[in-house]
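Student: Counting from 0, one number per residue, gives the positions in the sequence shown under numbering that gives the first Met the number 0.
Please keep in mind that the hints were generated in silico from the structure rather than gathered at the bench.
Even for Gly, the Cβ is constructed at its ideal location relative to N, Cα and C.
Check the hints yourself; a few may be wrong.
Claimed, not checked - Mimicking DMTMM-like on lysine to aspartate or glutamate, the simulated pairs with C-alpha atoms at most 25 Å apart in a straight line are:
id	residue 1	residue 2
1	K19	D91
2	K61	E17
3	K122	D108
4	K122	D38
5	K122	E17
6	K122	E169
7	K61	E104
8	K122	E42
9	K122	E104
10	K61	E127
11	K19	E89
12	K61	D108
13	K19	D38
14	K61	E24
What the hints assert, rightly or not - If you anchor each label on the Cβ, the simulated ranges turn out as follows:
id	residue 1	residue 2	range
15	N29	T114	12 to 20 Å
16	R101	E169	17 to 25 Å
17	I194	S15	18 to 26 Å
18	D38	S106	33 to 41 Å
19	A133	D65	27 to 35 Å
20	G166	D115	27 to 35 Å
21	N112	E64	38 to 46 Å
22	Q144	F85	30 to 38 Å
23	V86	E169	32 to 40 Å
24	R6	N112	17 to 25 Å
25	I194	P118	29 to 37 Å
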Amino acid sequence: MAQHLIRKLEHFVRLSPEDKQALEEAARRNVRVFGAHQDIISEGDSPEHVNLILEGWACRYKQLEDGRRQIISFFVPGDLCDPHVFVLREMDHSIGTITPVRLAEISRDVLLNLTDRYPRITKALWWEMLVTTAIQREWTVNLGQRTALERIGHLLCELFIRLRTVGLTEGDSCLLPVTQVELGDATGLSNVHVISRAAGVAEQGADRPEGQAPDHSGPGGASAGVAVQRELPAP
Numbered sequence: 000m001a002q003h004l005i006r007k008l009e010h011f012v013r014l015s016p017e018d019k020q021a022l023e024e025a026a027r028r029n030v031r032v033f034g035a036h037q038d039i040i041s042e043g044d045s046p047e048h049v050n051l052i053l054e055g056w057a058c059r060y061k062q063l064e065d066g067r068r069q070i071i072s073f074f075v076p077g078d079l080c081d082p083h084v085f086v087l088r089e090m091d092h093s094i095g096t097i098t099p100v101r102l103a104e105i106s107r108d109v110l111l112n113l114t115d116r117y118p119r120i121t122k123a124l125w126w127e128m129l130v131t132t133a134i135q136r137e138w139t140v141n142l143g144q145r146t147a148l149e150r151i152g153h154l155l156c157e158l159f160i161r162l163r164t165v166g167l168t169e170g171d172s173c174l175l176p177v178t179q180v181e182l183g184d185a186t187g188l189s190n191v192h193v194i195s196r197a198a199g200v201a202e203q204g205a206d207r208p209e210g211q212a213p214d215h216s217g218p219g220g221a222s223a224g225v226a227v228q229r230e231l232p233a234p
């Protein structure tokens, strides 16, 4: 069940068989299933566990009173949603599904046991947190400084690299179940703007915004992909 998380963590630290078994056991304890476009946890709720995405896609978002939404990050299989969430009395954001999702709820006690007893897991989680923080900084740059074409190209390349890390790509292709509306909510662009700029990205050989992303190797995709890799901390 935890194979995607294990594969990702092993990009940072070589895990022992005991480490992997402990992660597998943690992922089996409490598995839940959500349909598409449902909240896993909402802003204002008190967090009781960390969610590990096993299958499907989710996102972290903030919603304004008038209904406008800003997607702050995407979650793919192998991602831990806010592993430090126990320090919060209540959630300051929501986590919702994009597709149907199967996830493992990991309690505070189980997570503390993992970090207390398995130092390699702890080190890998620290590296994973550093990478997540680096990605979040790039999202800030995306919204503040990059052009519309650069925003979409950079985001698509980031998602491709993250999916490749957990073994969910095939050659230069991946499945990207994100709608144009969701791309707009993540990049601060209107639906019309997303459609026109996504067409520009596709013409340069990068991923398409919905369904199968056929190629990541064109000029726009390749340059943005290299930029993403350079911006992420290496162990």
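Student: Each hint needs a verdict: does it hold in this structure or not?
Tutor: Hint by hint, here is what the structure shows:
| no. | hint | result |
| --- | --- | --- |
| 1 | K19 with D91 | violated, 32 Å |
| 2 | K61 with E17 | violated, 38 Å |
| 3 | K122 with D108 | holds, 18 Å |
| 4 | K122 with D38 | violated, 30 Å |
| 5 | K122 with E17 | holds, 15 Å |
| 6 | K122 with E169 | violated, 29 Å |
| 7 | K61 with E104 | holds, 22 Å |
| 8 | K122 with E42 | violated, 29 Å |
| 9 | K122 with E104 | holds, 21 Å |
| 10 | K61 with E127 | holds, 23 Å |
| 11 | K19 with E89 | violated, 31 Å |
| 12 | K61 with D108 | violated, 28 Å |
| 13 | K19 with D38 | violated, 29 Å |
| 14 | K61 with E24 | violated, 32 Å |
| 15 | N29 with T114: 12 to 20 Å | holds, 18 Å |
| 16 | R101 with E169: 17 to 25 Å | holds, 21 Å |
| 17 | I194 with S15: 18 to 26 Å | violated, 48 Å |
| 18 | D38 with S106: 33 to 41 Å | violated, 20 Å |
| 19 | A133 with D65: 27 to 35 Å | holds, 32 Å |
| 20 | G166 with D115: 27 to 35 Å | holds, 29 Å |
| 21 | N112 with E64: 38 to 46 Å | holds, 40 Å |
| 22 | Q144 with F85: 30 to 38 Å | holds, 34 Å |
| 23 | V86 with E169: 32 to 40 Å | holds, 39 Å |
| 24 | R6 with N112: 17 to 25 Å | holds, 22 Å |
| 25 | I194 with P118: 29 to 37 Å | violated, 49 Å |
Hints 1, 2, 4, 6, 8, 11, 12, 13, 14, 17, 18 and 25 from the earlier list are contradicted by this structure; the remaining hints agree with it.
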